[in-house]
Amino acid sequence: METKNNWKAWLYLAPTLILMIIFTIYPLINTIIISFLKHYDYTKNTFAGTSFTFENYLLLFGKAGLASFQSNEIFSYDTTFVTYALVNTLIIVFVTVPASIFLSLLIAVGLNSIKWFRRTFQTIFFMPYVTNAIAIGMVFAVMFQKDFGLINLLFGINKNWIGFGASRWSAMFVLCVYIIWHALPYKILIFLSGLQGIDKQYYQAAKIDATSKVKTFRRITIPLLSPQIAYVFITSFIGAFKEYSSVVALLNNPGPNGSLDNSLLTIVYYIYNSMDNIGEMSMAAAAAVVLLIIILFFTFIQLYVSNKKVHY
Amino acid sequence: MTDLKLVLNDEKINAKQLKKVERAFKILSTFVLYLFIIFMAIIVIIPFYWMLATSLKTMGEIRASHQTFFPKALQWKNYAEALGPDSSFQFWTYLRNTLIVGFFSTVGTLFTTIFAAFAFARLNFKGKNVLFTFFLATMMIPGEMLVITNYITVSRFGWVGSDIMGAYLAMIVPFWVSVFYIYLLRQNFKQIPNELYYAAKVDGKSDWQYLWKVMVPIAMPILISIFILKLMGSWNSYVWPNLVANKEEWRLISNGLRGAFQDTSSGMIQYNLQMAGTVVVTVPLLLLFIFFRKYIMRGVSRAGLKG
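Chains as they are written, first to last, in the working numbering: chain A, 1 to 312; chain B, 313 to 619.
What the hints contain is simulated information worked out from the structure, not anything from laboratory work.
Everything hinted at is true.
Each computed SDA-like pair below joins lysine to any residue, with the alpha-carbon atoms no more than 25 Å apart:
id	chain 1	residue 1	chain 2	residue 2
1	A	242	B	448
2	B	438	A	14
3	A	213	B	348
4	B	606	A	235
5	A	242	A	300
6	B	606	A	113
7	B	559	B	580
8	A	159	B	376
9	A	242	A	87
10	A	213	A	223
11	A	159	B	582
12	B	338	A	204
13	A	115	A	210
14	B	525	B	508
15	B	502	A	227
16	A	213	B	332
17	A	200	A	117
18	B	606	A	122
19	B	438	A	6
20	A	215	A	204
21	A	8	B	450
22	A	200	B	343
23	B	331	A	216
24	A	159	A	258
25	A	207	B	340
26	A	38	B	453
27	B	389	B	581
28	A	115	B	331
29	A	213	A	114
Owing to the predicted nature of the structure, the values given are computational and were not obtained by experimental measurement.
Based on the sequences and whatever the hints tell you, model everything.
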C-alpha cells in the first residue's frame, strides 16, 4: 500500500517544487553567477568583459583601482561597503542581539514568577510583535525629534538624535534602541513558553535543599532553557544581519542627512540601493553572497557551540 | 535540663525572626520584581501612547516649545484629513491592494502547504527524508539573495511596471511557498494516529478524501494560525512591494505610509496626520491580536520548540 503512493506523492509536492525551483533554487544559483559578472545588465542579459571575474568582490572590499566603476553620487564603491554597510551591520548584531536576549530573559523570568496581572503584562509585552515595523519606526522618529520629541522633553535636553546634521553614532544609538524594543516580544514569548515547560519538581527539590535563588537560576533555569536560548540566539543573529526596514522606518534614508548620507547603511540596504537605485545587479549580488557566507559561518559556529553546551 | 530548654527556646525565637526576615525579603523582592516589570511595560507602551497622543494634536501644539503629554483638545479631524481624498496617504487604495495581495498569497500558501505537508507526513516515496532536509536547509538562505534574481524573473514575466494585475502577481506568486509552514503543518499531521488512516482505507476512502475529510479538520487550529500570520505578513511587508509596485496606486499599506505626509519640496512632515496614519495601520493588527491571540501565540511559540 505504501509504495503505491510514490508517483502520487510527487503530484502532491508538484506545486511546491515548481515554485521553489523558480523562486528559490534558480535565484540562489543565478545570484551567485551574477556576482561573478561585471556590470550585469538583466534587461539585455549582457555583462562587461568576457568571462567570470572576482572584480565585484575586490571592489566591495576596497580594491578600487582594479575596476572601472565610477563613484556616483550615491556610492563610492571602494569604501561604502566596508566602512558603512559591514561595520554598521556588525555593530547592530553585537549590540542588539545580546542586549535584547538579556532583557527578554529577565522579563520572561520575571513574568513567570509573578501572580497578579500576569496575563495583562504578557499581552503588553507581546504588543510590539503585532505592530507594523514601518509605522512604529516612524513613531520612534517622532519621539527622538530634536525640538519637540518626547525623549528630549523627558530628559530636559536638546540633542539632535536623528535629524538633519545628527551624528552617525547618535542615530545608531536610536536605531539600536528601536531594534531592541521591537525584538523583545518574540524572545519573551519563546523564553516564557520554555519556562512553562520546565517541570516544577526541579524547583521544589531546590527549595527543599534550600538552594539560593541565584543558584537555582544558574543551575536549573538556564540549563533547562538552553534549547530556547540557543534557538533565539541563532534566529536573532540571522535577523540582525538582515536589518534594513528599521533604518527605512526611522530615517527613510540610509543616514540622517538624506539619501546621499550612507552613515547608517547596512548590508541589506547596500544590496537594495545597488539594485534599485543604481541598477548595479552585480554589486548587489556580490554583497548578497557575502551576506550568505557570513550568515552560514555564524550559524555553523553557533550550532557547533550549542551542540556542546545545550542540554536537551 | 534547664540549659537545654533555653537553647530550644532560643532557636524557636530565631526561627520566628528568620521567618519574619524571610517574609520581608520576599515582599521586597516581589516589589522590586513588579517595579522592574512595570518599568519595562511602560517602555513598551510609550511609543503606542505617543503615537495616539500626537495623532490627536494640532500641528501648533506639536511644535510648541511647551510640550503636552495629553492633547489639549482632541483633534479627531486629523483622522478625517489623513484618510480623506486629498491626503497624500491614499489609505483606501492601499487597503484594497493589501487585502487582495494578502488574501491570494495566503490562500495559495495554504494549498501548497497542505499538499506538501501531507506528502511528507503521510505518503512514502523515494528520497523523502533527503528532500525534507533539503527543504529545511533552504530556510537558511537569506531572502536578499533571492530578491535580486526574483526581481529579474518577475520583470521578464512582464509583471513589473506594466499594470496593476502584474503588480499583484509579482507580490503574490513568489510567496506561495513557505518551508517553515510546511514544517509546522507536517509536525501537526504526524501527530494524527495511523489507525485513522487505515480505518479510512478500510472504508474505501482515497488519500485525497482522507486529507480533506480527516487531516485538514483536525489540523484546523494550526491552519488558522498560518492564515493569520501570513495575512499579518502581507500587512507588514515592505521591501519586496517597494521594488515591484512602483506606482502610487499599486502600493501596499506600509509602502504608502512611509512616503506619505511629507512635503516633497520643503521636507516638512505633518506629524499629526502621519501619526494618525500609523494609528490606522497599527490598530487592525492589534485587533487581530486581541481576537486571535490564541492562534497567533500558538503559531509563533511553536517555532521555538524542537521538532
